[in-house]
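Novice: These are the residues of each chain, in order.
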Amino acid sequence: MSAAGTTRTATEPAIETSPQVSDEVRRTTCYMCACRCGINVHLRETADGVPIVSYIEGNRDHPVNRGVLCAKGSAGIMQHYSPARLMRPLRRKGPRGSGEFEEISWEEALATATSWLAPVRADDPRKLAFFTGRDQSQSLTSWWAQQFGTPNYAAHGGFCSVNMAAAGIYTLGGAFWEFGTPDWERTRLFMIFGVAEDHDSNPIKIGLGKLKGRGAKVIGVNPVRTGYNAIADEWVGITPGTDGLFILSLVHELIRTGHVDVDYLSRWTNAPWLISRSTGAGFGLVVRDEAGKPLVWDTVTERLQPFDAPGLKPALKGDFPTPSGGRATPAFELMARKYLEPEHAPDAVSARCGVPAETIRRIAAEIADAAFNHPVTIDEPWVDFRGERHEGFTGRPVSFHAMRGISAHSNGFQTCRALHVLQLLLGTVEAPGGFRFKPPYPKPLEAHPTPHCHTQPNCPLPGPHLGLPRGPEDLALDDDGGPARIDKAFSWEAPLAAHGMMHMVISNAAAGDPYPVDVLFLYMANMAWNSSMNTAGVIEMLTRKREDGEYQIPKIIYADAYSSEMVAYADLILPDTTYLERHDCISLLDRPISEPDHAGDAIRWPVVPPETQGEGRTVRGFQSVLIDLGARLALPGFVDEDGSPRYADYADYMVRHERRPGVGPLAGWRGDGTAEGRGAPNPDQLALYVANGGFWQAEVPQGARFMKQANTAYQDWAVGMGFYDKPQPYVFQIYSEPLRRFQLAAEGHGPHQPPEHLRDRIKMAFDPLPVWWEPFEQAALDVGDYPLHAITQRPAAMYHAWGSQNAWLRQIHGENPLYVPADAMAEAGLADGDWVWVISHHGRIKVRVRGMRAVNPQTVWTWNAIGKREGAWALDPAAPEARRGFLLNHLIKELLPEKGDGLRWSNSDPVTGQAAWYDLRVRIEKAEPGEESLPRTGRQASPVGRGPAELRWGKGWA
Amino acid sequence: MTSLPERTERKMGLVIDLDICVGCHACAVSCKEWNTQGYGAPLSDQDPYGADPSGTWLNRIHSFEIQPEGAPAQIVHFPKSCLHCEDAPCVTVCPTGASYKRVQDGIVLVNEDACMGCGLCAWACPYGARELDRAEGVMKKCTLCVDRIYNDNIPEEDRVPACVRSCPAGARHFGDFRDPASAVNRMVQDRGGMDLMPEQETRPVNKYLPPRIRDRHATAPETVRLASLAEPEATGFLGWLDRALGRLG
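The listed protein sequences derive, respectively, from chains A and B. One point on numbering: in my numbering, the residue at position 71 of the first sequence is 71, and numbering is uninterrupted. One point on numbering: in my numbering, the residue at position 115 of the second sequence is 1073, and numbering is uninterrupted.
Simulated from the structure, these hints should not be mistaken for laboratory data. Since the model is a prediction, treat every value here as computed from it, not as a measurement. Heads up, the beta-carbon is just placed ideally off N, CA and C, and yes, glycines get one too. Just so you know, not all the hints are guaranteed correct.
[To be verified] Just the calculated beta-carbon pair ranges, DEER-fashion:
1) A:309 to B:1205: 20 to 26 Å
2) B:1108 to A:672: 41 to 47 Å
3) A:100 to B:1155: 53 to 59 Å
Use the sequences and the hints to build the structure in full.
Specialist: Right, dumping it as C-alpha cells:
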C-alpha cells in the first residue's frame, strides 16, 4: 500500500484464448538446413486473396523431428520473406563483383544459357564445370551432368565431410549422418567426436535428451565445449587433428586388455580373412579361392574354407598355407599386432592429443564395461546369409557419432576409419544399443558405382561421375595418367574423392590446371565467399582476365534464391524459389529420411505459389529450370523421340522418371497407389504424398531390423523395395583391401603407377589398417611460428543455413569474435574486445577477440560464415556482419605451403581430397584498436535493394 | 500500484532442464514466431537488416562459462523468460493496472490497452524478463502462450507453450505446480529444482533443474580387467584370443 497513491485491483480483461490459428495448414518438408524435418505451414489470406505464410511448426507425425523444430525452422518465415530474395533472372552489366545487373526474361536467360552450353557439349564437354552446393536433388543434378557428358560434376561433399562418408562406406557399407544413427533407446555410453551441429540436427538433440533422461553417459570429444559438448557428462578437449591417435590408443587398450567381441569379429567382419604374407604383387591382398571368394582357416575342419560357409570356426591368428603355396595370416592378427605396438599406448599419445593418459585408460575401461558387462539382447529369431539360425540379437550398448571435426583434416579419412574399426572391435554396428543403419543402408562397397569420366562430344558420360574406386584401375585419369576432372578428383592426388573436390574447381580453372573451362555453372554454393578456402584469392581468380581481356573463367552461370556474394561474381543469374514455393523429392536414390525401422522419403511442394509472394516475382525452382535446359540441349532422357521435352517440370519428373524399371525418385504409392518401392509411375502420387503430410514410410519387418547386412529377412525385403536387385549380404571391412591395392601400386606393382612425387605419400596414406600422420600444414611449417590451431564451427541456430539475412537469427549471431584460450589471452596481453592480427602461413586478418576457458588451450576458434561482404544479402553495408564479422577462410590456402618443387599440392586429405579446413595453424598478435575487421573485400551493389527499417510481423492479422 | 491475487486456482509454469539445454535457441525463436502473430502481436524488430538490429523477444538464451575447482571449464545455457512469480513485483509496481496475475492459472499478463509504456515493471523485475516494444510502445512478456494452452482450435497434445512444443532436446516442461502429483512437481523434487534468485523473494513459479555433476570420474570400473594381456605372448593377448575363441564353443 502506497501512502501516495491508490491500490488498483487488477481487473482481468476478457481475452481470446481460443483464436483461430490460421486459415489453412499445409504440410511439407523444411529446408532451413539438411535435416529435412516435417513442418506444418500455416497460411492466412489477405483481403486481396494473397496467401501469407503466418506460422511454421514441426509436424508431430514426421519421422525425423516428431514435432519439434529448431531455431532455423521457426525462423523460416523470415527466410521465405527475406528482402535478399532474387526476384527475376539477371544478366551482369558491370564488372564481376560489382553487383550491377539488368533484369531479363526467363526466355532470354534460358536462351543465353543454352547458347553457352550447346557449343561446349558439341566441342569438348569437359569445358563445362557443373557443381552444386547444399543440393538435395543430387540424383537429378548428377544425372543431368551425366547426360550432358561433362566429367566435371560434384556437390559440396568434398569440402564438407567426404572423409566421414568414404571411410564409412569402405569400412561399414554406410556412414554416419542421415545414413545411420546411434540406438538412442538402448545405448549406455555415447561418444560424440567433432560435432558442433549436424545434418541430423533435431534427431541428435532428441536423442541426447533421451540418453540424459535414462542416465546414459555422454562423452564429448571436441576442442570446444559448446552445444552438444556443453551438456556432455565428460568433455575431452582434444587437440585438433589428433582424434585418430586418441581412437587408436583406445583400440590399443581394448585389445591389450582383451575387450573385443571375438564372436562378432569372426562372423560379421573380415577379421578372419586370410591376408597374403608372400612377398610380391599379392602381398597384403586377400587370399581367395578360384571363385574369388575370400578364404579363412577353419579350426574345425583344419582347412581353408570360403568365409561364407556355414558352421565355421575361423582362426583369428596364425600362419596358414594358401592354395597357391604361399603363406597367409588372418587380418585380425595383423591388426592386433599393429595396435599393440607401444606407439599406440596412452602414454605415447597423451601429450600430442592433449588428453591425460589416465583419461584414455579410464575411458577405454568405461567403454569395455558398458559393452561387455551390460549386453543388450533382443529375442527375435533370424537367419544369416550363411543359413545359420540365431535366436536373437546381442548388442554392445556403446555408440559413437562423428562429423566434420574429425574429418576435415588431412588425416581425416584414416581417422574416420579408425573410429569405425573401434566400433567393430566392440561389436556395436547394426547391433542393439550400438550404431544402426537406415535403409537403403547398409550396402556393400560393391553395390556402389565406380567413377566415370570418359567424354565425347555430344555424348553422355558412360556412367555416374562419382563412385568408389576398388583399385587404381578405377581412377579418373586421362590418356597420359593425369587428372581427367577439373577438380582432380579420383586422380592420384585424391584417389577416393567420392564426393568430388568442389573447393579446387575455381583455383584449378583459373590456373588452367589440368585444363581451362569455358562455363562454370554453380547451384546454391557461395563459392565467392564462405564456401571457399582463400576467399580473397578466389575473388581474384573469379575476376582475373586473360591477355585478350576475357575473364579467365569466361562464363559463370549461378542459380540461387538469394543475393549472395557469389551472385555478384556470376554473369547469368537463374533465380530459384524459396523452400515453400517448390517441388523437391528427398529420395531413396539420394539421401532419404529413413529411420532404422522404416524406409522413408518425402517431398516439398509449393505451399504458396511463388508469383503470389512478392511484386513482380518470377522465379523458378532450379530443378525445373535444369530439366528445361536439358530439353533445350536435347540431352538423352530429357527429350522424347520426337525431340519434345519429356518432362513438364520437376514435379512431372518426380512422378514419371524411372531410374530402373519400376524404381523412381519416390518410393511411396507407386502403381495403382498400393505399391511400395517398385511399381509403375502413378499420376496421383504427389497428391497422396501431400495427403500424408509430405512423406512416406514403410516398416522394416520384425526380425529384419538388426544385423541388416547379414540378415536374410532384411536382404529379401530390401530387394522387394528396390534398393538393389538381388540380396547383397557382406561382412564389415576392418582390413581394407582396396586401400592395399593403391599401396601396392605405390610400391611399384601393377600397370597403373602413380607419379613419382606422390609415391611415398600413397604408401603412407593407403594403409589397409587405420593409421595416423601429422596434419600436412603443420608438418610443413615451423609450428613455433604458428603455435595455435584455428578452427570454426557453425552455430546451431545457423547450421547449414542462410542465417545472416534472417531478421531473427542475425539478432542471435550478428558478429563473430575470435575465441581465444584464457592463457593465450594473458600471454598476449589481451582483454575481451581487443583487436588482434591472426596470422597464418598464407595471410593475416584483423579481428576482435573474446577469452574463453572451455576450449583446448592450443586452439582458437570462431563461428563460421557470419562475416558478409558489404552489399550482399540485402543488408546495410554497415551491418555488423560486414564490418566486424570475419571469415577465417582468408587464412586457409587451398594449397599447402610451397615445397620448392614447383608443384601445386592441394590442402586436402591425400586419400579422398577432403578440404583440410581444420589443419590451420596461426599465431595472434595484438593490433591497434579499430572499427572494422580486415581484409576488406569491397562492396557489391545490391540487385534486390535493402530490407525495411522495421518489421511488425503479424500486426493486424488477428 | 496493482494488487496480486491472494491465491491462484492453478499455478501454471515451466520446468527448464539445464542439464540438457544445448543452447540451440529453438525455444526463443519459436516463441517469437508464435507470439508475433498471436496474442499481443506484433513483437517488432528495429533495423532488422541494418547496422544495429534489435527486437522484442519474450525468451532469450544466455550462456555462461563456469570454472569448477579441479575440473574443466563448463558452459551452461540458460533460457530466460518471465517466471510468473507469485509475488510478482512487476504487477504491484504497475501504475495503471495493466499488469496483472490471473486468478485461474497464475499467468502474469499485460493488458496492452491499459499499458502506457512507462517501463516501471521492467525496472521492477529482477530477471529482466520484460521488454518494451519500441514500435508498439507497450510492454511485452511471456504469456505462457495463453492463446495456445486453452485453444480449442489446436490439437489437445499441442496445448502447451510454443517453446515446450518446439524444444528438440525435451528440456522444457509445462504444468501445474499447484498439483503435488504433477509431472513438473515430481521433476522438481527428483532433480533438486531451483528458484532463480530466491533472495529477491518473488517466489517464481518457473523452476530450473540444475546441470548434473560433470567431469567427475570414479576410477576405472572394477569389473574391467585392466591388467595387460600383451606380455608374454603365450599367455598374452594372442593367448587370450585362443581361450576366447575356445569359449565360443
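Novice: For which of the previously enumerated hints does the structure constitute a violation, in increasing order of number?
Specialist: Violated hints: none at all, because every hint is consistent with the structure.
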